[in-house]
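Chemist: Chain A is fixed; fit chain B onto it per the hints.
Heads up: the sequence lines are chains A and B, in that order. Everything in the first sequence is counted per the working numbering, starting at 1 for the first residue and increasing by one. Everything in the second sequence is counted per the working numbering, starting at 1 for the first residue and increasing by one.
For the record, the hints were derived by calculation from the structure and aren't laboratory data. Cβ atoms here follow ideal geometry from the backbone N, Cα and C, with glycine treated the same way. Mixed in with the good hints there might be a few duds.
Simulated coverage check for chain B against chain A, where a stretch passes if three residues somewhere in it have a Cβ under 8 Å from a Cβ of chain A [as the list claims (entries may be wrong)]:
# : region
1 : 111-121
2 : 124-130
Partial chain B-side listing against chain A, Cβ under 10 Å, derived [unchecked claim]:
#  : residue
3  : T40
4  : M41
5  : K42
6  : G46
7  : V58
8  : R62
9  : F77
10 : G78
11 : D79
12 : V294
13 : E297
14 : W353
Pair ranges (Cβ atoms, derived) [claimed, not checked]:
#  : chain 1 : residue 1 : chain 2 : residue 2 : range
15 : B       : A151      : A       : A305      : 55 to 63 Å
16 : A       : K293      : B       : A183      : 54 to 62 Å
17 : A       : P377      : B       : L311      : 47 to 55 Å
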Amino acid sequence: MRRVVIRGGLAPHRHFAERSGTASSLQAMASYLDHAASTRVRPEALDAMLPFLRDECGNPSGAHGAARRARAAIDNARDVVAEALGADPGGVVFTSGGTEADNLAVFGVHDRHGGTVVTSATEHHAVLDCVRALDGVVVPVDSRGVIDLERLAEALAEPSEAARRVSLVSIMTVNNEVGTIQPLRDVVRLVRELAPDALVHTDAVQGVPWLDVAWLGQEVDLISISAHKFGGPKGVGALVVDRGVQLAARQLGGGQEQERRSGTQNVAGIVGLGAALAATVAERATTVERVGKLRDRLADSLLAAIPDAVETGVERRGDGPDRSNKVAGIVHLCLPRIESEALLYLMDKQGIYASAASSCASGAMEPSHVLAAMGIPRDLARGSLRLSLGWSSTESDVDAALDVIPPAVERLRLFP
Amino acid sequence: MTAATAERPLKVLCALSGGVDSSVAAALLLERGHDVSGVTMKLWGGESDTGCCSVSDVDDARRVAQQLGIDFHVFNFGDEFGEHVVEPYIAEYAAGRTPNPCIECNRHLKFDRLYRRAEALGFDAVATGHHARVVVGPGGVRRVKRGADAAKDQSYVLSMLDQVALARTLLPIGELTKAEVRAHAERLGMRTAAKRDSQDVCFITSTGGRAEFLARHVPLAPGRMIDEEGRELGTVPAVQLVTIGQRKGLGLEGGGAPRYVIDVDVKRRTVVVGGEHSLYVSRVRCVNATWSTVPVEGEVLAQASAHGAALPARLEVLDPGPRSSPSSRRSSLPGSALLDGDPSVSGSDAPGWPRRGSLVGDGIVDVHWDEPHRRVAPGQTIAFYHGDEVVGAAIAT
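So here's chain A without its partners, still in its complex pose:
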C-alpha cells in the first residue's frame, strides 16, 4: 500500500516540479503551443523586473529617492508603450491587464458619456460582456470572422435620438481564437463619418506581437494591451487613451494614473511590460517572418495529415490557403468527428499544450461564440483546435505537434 501524502500550501508547485522532472520542465519536455493564452516571460523583462522584486521597493506615489526611482521606472515603461502605439505617454493608464483595460474603456466611456455602445460578435468576453451589460449593439461578422462593415454602418447611422446616440465603438485588432485581423482603418473611417461624436476603442491585446500598431495612437481613441501576451508578466496591461478623451474612473482611491485608475502601480510588472514591449517591437519583423514559416509548416502539414480538417476562416485558392488576413502566430483548425476536450487531453499527455475556445469559470470548455458568429456548424466547432506560436517557438515545437496530433485524431475517430 502506497502512502498518500497530502500536499498543501506552497507544495503544489514543488509537486508539479517533482512530477515533471525539473522546474524548467516547460522548456525541456513540453511543446508549448498556447501563446495566444500566455507567453513565456522574455529574459529582458525578467532582468528588468528583478531589482523591483528585490531591493527597489519604493511606491511611485511617494516623494523620496526610492519612490522617485520607482516612478521613473514606470514612466520609462510608459514611454515605451507610447512609442509602440504612436500615442502620448500621458495617455497611458496602467492596469492589471487586458480585461481591466477593456472594462475601463467600455464602462469608463459609457459612465461618462452615456449613449449606445457598439461592438462585434467575436470580441473577447472582456469587451462583449461589458457591452451586453449595457444593452449595447453587437454587429455580426462574416465567415472569415471579419466584421461586417455594412451592418456596422447601419448600426452607426441609427436615427439620432438621445438614447440611440452611439458613444463608443469597440472592435478588436486581432481575434484571439482564430487570429483574424480586423479592418480597423475602415472601421475608424466609418465611425468618423457616420457617428462623429463616438469614440473608437480597440482591444489590441492579440495584435501587439504581430502587427505594427504605431498608427493606432493617431487614429483610435482607446487601446487595450496586455503584457503577458508579448513576453511580459501576467497581471499587468494598459489602456492608452487619446488626449482629450474623458473617462470615468472605475477604481477610486489615491488618484494614480492621472486620476484614471487609482491603486499603487504594479511597479515590477510595469517595468516587465515595458522591457517586453520594447524587445517585441524591435524584433517584430523578424519574429513575424520566422514564426509565419513555422505556422505555415504546422498548418499545411496538419491539413495534409488529417482527413477532412478545415482551417477556420481561411479561403483556399488554387495556389494554396490565403492567410493574409491572419496573424502569423495562430493556427486554428476545425476537425470533424472529434471533440476538442478529448484531443487536448491526449495532446497534453504527450506534452503538447494547446487550447480551443475559451474556458468558463469552472475550467470546462465552453462552445465558442467566435465560431458560432462565423457560422461554423456546431459539429465542426466541437472539434476546434487552436495552436498558437510565439516569440519562443521553435522548429521542434512544430515537429512534436506533427508527431502527436494526427495519431491522436486517428485514435479518437475510432470512438465516435
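Modeler: Then chain B, alone, in the frame of chain A:
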C-alpha cells in the same frame, strides 16, 4: 473495494464532485497503487447552490486533485445533460410524473457519457465516490451491493448498472462508513473532510426550489381537487407540482382523518384525494426495466426510494424487453478477469465498454407487494434486491 480490487495497477478515471466521498475514493485508489486521474463533469451552467458541481465545488475538486498529486480535468457534458436529464425532468413533471434526475444523470452521463470518454482516452476503469460496492460472484457475475453504511447506502441510484458497466466500475469507499470516510479525509488533511454532503438536485436552487424552476419551463396549470366519490374539494394552483402521496400544501388539513393525493391527472387537470387506505396498492406496473445480468422473477426485496425500506415483493416479468440479450445475459465475461487482477489478460481480451444508451431499459414488469404498499409516484425508480445485492430496477407507472 471488494472482490473487484485489482492486484495490478489500473489507469483509473475518478469522478470528483468536490465532496468528501469522491475525494477519499481517489485517495484510496492511489493507496492501492493505481494510476489515477481526477475529473469533474460540467453539467449544469445555470445557478447552483446545492453543493454539487457548482463553480466552488469544481474548485474543491481541483484542489483535492492538486493535494493528491493527480491530474485534474473538467469535461463539459452540458449538452447531454440538458438532453437526457433537464429536458426529460421538465417533460415528466409536465406529464404529471415524478422523475428522478440523479438516476437519469447516472444512466446517461456518469455511467455512459463519462465511460465512453474514458474509453477514448485510454483508461481501464472509472471510479466514483458512491456509497456502494461492486461484488463478484460465482462465474464472475458482478453486482452492486449496498455500502457498509446502511444509512448512506447509494445502491438505489446505481441500480441500472449492468455487467458491461460494472466490469469497468470501481467503488472504493463502499466498505467504509461515512464516519470512516471523513476520518480518512481528516487524517490525510483534505480540505473537504468536513464539507457538508450535497443532498439535492444540482440544477434546482435551494432558494427557488422545484416550483420556481418548473414555473419557468412549464405553463403551470391550476386544477381541481376531488375525492374518490367525485366530490369537489377545492383547487390546486399548479397540478404539475402535485405528487402522489402528498398530504401537505393542499389546504386539506382542517381536522378529520388525514387525506392524501392518490392520483394526479394532468391532462384532465384533476387531483384525486383520499384516505390513507386508498394510497395502498398491492401491485405496481413498471417499465424501462434494467437488469444486472438477466431478467429476474420471483421473490425480491423492492425499494422505491433512495433511503426507503426494501420490502418483500414478487416480480413478474411481462416483457423482458429486446435489450436484455447478449451483453446482459453474459454471466461471465471473457476478460472480466481484467479487474480481478489476472495478469495474463491483455488489452484485447478485456471486456468492452458500455455503448451509448446501453443502460436504458425497456422491459415491463409487475411488482406484487407481499404487503400493501403506498402507491409509488409514476416516474420513480423501484430497485430490486436479492439480499443486499441489486438484481435490477424499473420505473413505476
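Chemist: So, for every hint listed, does it hold in this structure?
Modeler: Against the structure, the hints come out as follows:
1. 111-121: That given contact holds, which follows from 5 residues of the region 111-121 of chain B lying within Cβ reach (below 8 Å) of chain A.
2. 124-130: violated (count 0)
3. T40: 7 Å, holds
4. M41: Where the cut-off is 10 Å and the nearest Cβ of chain A is about 8 Å from M41 of chain B, the hint holds.
5. K42: Given a least distance of 4 Å, the restraint on K42 of chain B holds.
6. G46: Violated. Min distance 12 Å.
7. V58: 4 Å, holds
8. R62: 7 Å, holds
9. F77: 9 Å, holds
10. G78: Since the shortest Cβ distance to chain A is 8 Å, the answer is holds.
11. D79: 8 Å, holds
12. V294: 28 Å, violated
13. E297: Since chain A brings no Cβ nearer than about 37 Å to E297 of chain B, farther than 10 Å, the hint is violated.
14. W353: 9 Å, holds
15. B:A151 - A:A305: 55 to 63 Å: Once the Cβ atoms are compared, 56 Å apart, the range 55 to 63 Å for A305 of chain A and A151 of chain B holds.
16. A:K293 - B:A183: 54 to 62 Å: 60 Å, holds
17. A:P377 - B:L311: 47 to 55 Å: 52 Å, holds
Against the hints set out earlier in the document, violations occur for numbers 2, 6, 12 and 13.
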